[in-house]
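Undergrad: Starting from the given sequences, assemble the full structure and let the hints guide the process.
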Amino acid sequence: MQKRLVAAAWLIAAGPPLALAAAADPPRGDPARGEAIYGRCLACHSIDRDRTGPRHEGLIGRRVGSVPGFQYSPAMRKAGETGMVWDEGTLDRFLESPTRFIPGTRMGYAGIKDAQERADLIAFLKKAGAVR
Amino acid sequence: MEAMQPSFRLFSARRLFLTRSGQTVLSAAAVALLAGRESLAAEQGKGAAKTSDVSILNTALGAEQEAVAAYQVGAESGLLQKPVLDLAVQFQGHHKAHADLLAKTVKTLGGEPVQPKRTAEYRFPIEKLKTQADVLRFAAGLEQGAVSAYLGAVPLFANRDLSKAAASILGDEAMHWAILRQALGENPVPDAFVS
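Taken in sequence, the protein lines are chains A and B. Just so you know, we're using my numbering here: the first sequence kicks off at 1 and counts up by one. Just so you know, we're using my numbering here: the second sequence kicks off at 1 and counts up by one.
Bear in mind the hints are in silico, worked out from the structure with no lab data behind them. Hints may be right or wrong, so weigh each one.
Straight line, CA to CA, 35 Å or less: simulated DSBU-like cross-link-like pairs of lysine-lysine [unchecked claim]: (1) B:Lys164 to B:Lys107; (2) A:Lys113 to B:Lys164; (3) A:Lys126 to B:Lys128; (4) B:Lys82 to A:Lys127; (5) B:Lys107 to B:Lys96; (6) A:Lys127 to B:Lys128; (7) A:Lys127 to B:Lys117; (8) B:Lys107 to A:Lys78; (9) B:Lys107 to B:Lys50; (10) B:Lys117 to B:Lys128; (11) B:Lys50 to A:Lys113; (12) A:Lys78 to B:Lys104; (13) B:Lys50 to A:Lys78; (14) A:Lys113 to A:Lys126; (15) A:Lys126 to B:Lys130; (16) A:Lys126 to B:Lys117; (17) A:Lys78 to A:Lys113; (18) B:Lys96 to B:Lys130; (19) B:Lys164 to A:Lys78; (20) B:Lys128 to A:Lys113; (21) A:Lys113 to A:Lys127; (22) B:Lys117 to B:Lys104; (23) B:Lys96 to A:Lys113; (24) B:Lys107 to A:Lys113; (25) B:Lys117 to A:Lys113; (26) B:Lys82 to B:Lys104; (27) B:Lys104 to A:Lys113; (28) B:Lys117 to A:Lys78; (29) B:Lys117 to B:Lys164; (30) A:Lys78 to B:Lys82.
Quick list of the computed label-pair ranges, beta carbon to beta carbon [unchecked claim]: (31) B:Gly185 to A:Glu96: 30 to 38 Å; (32) B:Thr131 to A:Glu81: 24 to 32 Å; (33) A:Glu81 to B:Arg160: 30 to 38 Å; (34) A:Lys78 to B:Lys130: 40 to 48 Å; (35) A:Arg63 to B:Pro155: 24 to 32 Å; (36) A:Lys113 to B:Gly47: 25 to 33 Å.
Here the structure is a predicted model, which is why all the values come from computation and not from measurement. Beta carbons: idealized from backbone N, C-alpha and C, even for Gly.
TA: Spelled out as structure tokens, the structure:
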């Protein structure tokens with residue numbers, strides 16, 4: 001009994017099993033797969049021009065709702081005013097469920113539920129959207 | 001263009017099918033479903049849900065207006081040959097019907113439909129369109145995006161009639177996309193599911 005308690009205490013002290021820890025890590029994105037996923041965005045978005053949605057050039061590191069001349073929703077402007085910036089974390093949460101992450105956004109899209117697909121898309125956006 | 005020739009036989013057959021099916025089917029049925037329904041506004045009377053639905057519809061309307069303008073650019077480019085040109089004009093007609101329905105529905109819900117931009121404001125990549133295949137590939141990209149956009153919108157509508165109408169438009173866009181892929185010599189239906 002005492003041995004079992006010691007073993008249990010050791011497991012707790014050691015933290016979560018490696019498999020669980022690995023599962024919590026964000027997946028590594030593949031820009032090539034992300035380019036194919038970006039096809040889903042092409043009704044409204046482009047890398048280099050504003051359309052129904054804003055351009056994605058320079059997206060990473062950009063303050064939310066800040067492309068000059070683009071008519072954002074009040075919700076998106078407000079998010080930007082609070083200091084929110086598009087990075088891997090905010091993009092991941094937004095892409096998972098745009099209307100839940102920023103209620104009131106005009107991006108009426110249910111979201112990408114697969115974490116690997118989101119990572120791939122973000123990897124593509126980082127690469128293709130890099131300002132040259 | 002030579003590589004596309006074999007696919008034109010099926011392409012033409014699809015065109016015949018579409019022509020016989022009649023492009024007014026969607027607009028007539030959908031308008032009856034939505035724009036003419038007085039109950040829609042009443043059902044959508046709850047503020048937040050109504051505002052959200054109007055927002056989604058207006059986003060879709062903006063994309064449809066852009067598609068209409070894009071097909072106009074393609075039709076006037078001089079790069080499309082018959083029967084591709086006829087098909088492009090027909091697809092443009094579908095997008096006009098979608099836009100009309102969406103605008104009417106926005107009004108029914110008490111919203112203000114977005115207005116189309118001037119063609120130049122869309123900043124289409126005209127400099128990259130040098131062949132018929134370029135135009136078809138450009139159009140196919142828009143149609144693929146439209147399929148995904150409607151797929152992403154369907155679960156968000158508070159009113160399920162709007163989801164049904166969006167799914168109806170999605171089906172039409174998917175047919176456009178498949179036929180454009182066929183014309184480009186690509187597998188017209190590469191997967192069992194769209195995403």
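Undergrad: Could you grab the alpha-carbon distance between B:Lys107 and B:Lys96 and see if it respects the 35 Å cut-off?
TA: 17 Å, holds
Undergrad: Taking the CB of B:Gly185 and the CB of A:Glu96, does the distance hold inside 30 to 38 Å?
TA: Since the Cβ atoms of B:Gly185 and A:Glu96 sit about 36 Å apart, the hinted range of 30 to 38 Å holds.
Undergrad: Compare the distance between the alpha carbons of A:Lys113 and A:Lys127 with 35 Å, and conclude whether the hinted pair is satisfied.
TA: 22 Å, holds
Undergrad: Could you grab the alpha-carbon distance between B:Lys82 and B:Lys104 and see if it respects the 35 Å cut-off?
TA: 33 Å, holds
Undergrad: Using the beta carbons of A:Lys113 and B:Gly47, state whether their distance is inside 25 to 33 Å or not.
TA: Taking Cβ atoms as reference, A:Lys113 and B:Gly47 lie about 28 Å apart, which means the hint holds.
Undergrad: For the range 24 to 32 Å, tell me whether the beta carbons of A:Arg63 and B:Pro155 fit it or not.
TA: 29 Å, holds
Undergrad: B:Lys96 and B:Lys130: Cα distance at most 35 Å?
TA: Between B:Lys96 and B:Lys130 the Cα gap is close to 26 Å, so the pair holds against 35 Å.
Undergrad: What's the verdict on B:Lys104 and A:Lys113, does the C-alpha distance respect the 35 Å limit or exceed it?
TA: Holds, at about 32 Å.
Undergrad: So if I understand the rule, the pair passes when the alpha-carbon distance is 35 Å or less; does B:Lys96 with A:Lys113 pass?
TA: Holds - the C-alpha atoms of A:Lys113 and B:Lys96 are around 32 Å apart, at most 35 Å.
Undergrad: Would you check the hint for B:Lys117 and A:Lys113, treating anything up to 35 Å between C-alpha atoms as holding?
TA: Given that 35 Å is the threshold and the Cα spacing comes to 33 Å, the pair holds.
Undergrad: Can the restraint linking B:Lys82 and A:Lys127 be considered satisfied, given a maximum Cα separation of 35 Å?
TA: 39 Å, violated
Undergrad: Taking 35 Å as the top limit, are the C-alpha atoms of A:Lys127 and B:Lys117 close enough?
TA: 30 Å, holds
Hints 4, 30 and 32 from the list above are not met by this structure, while the remaining hints are.
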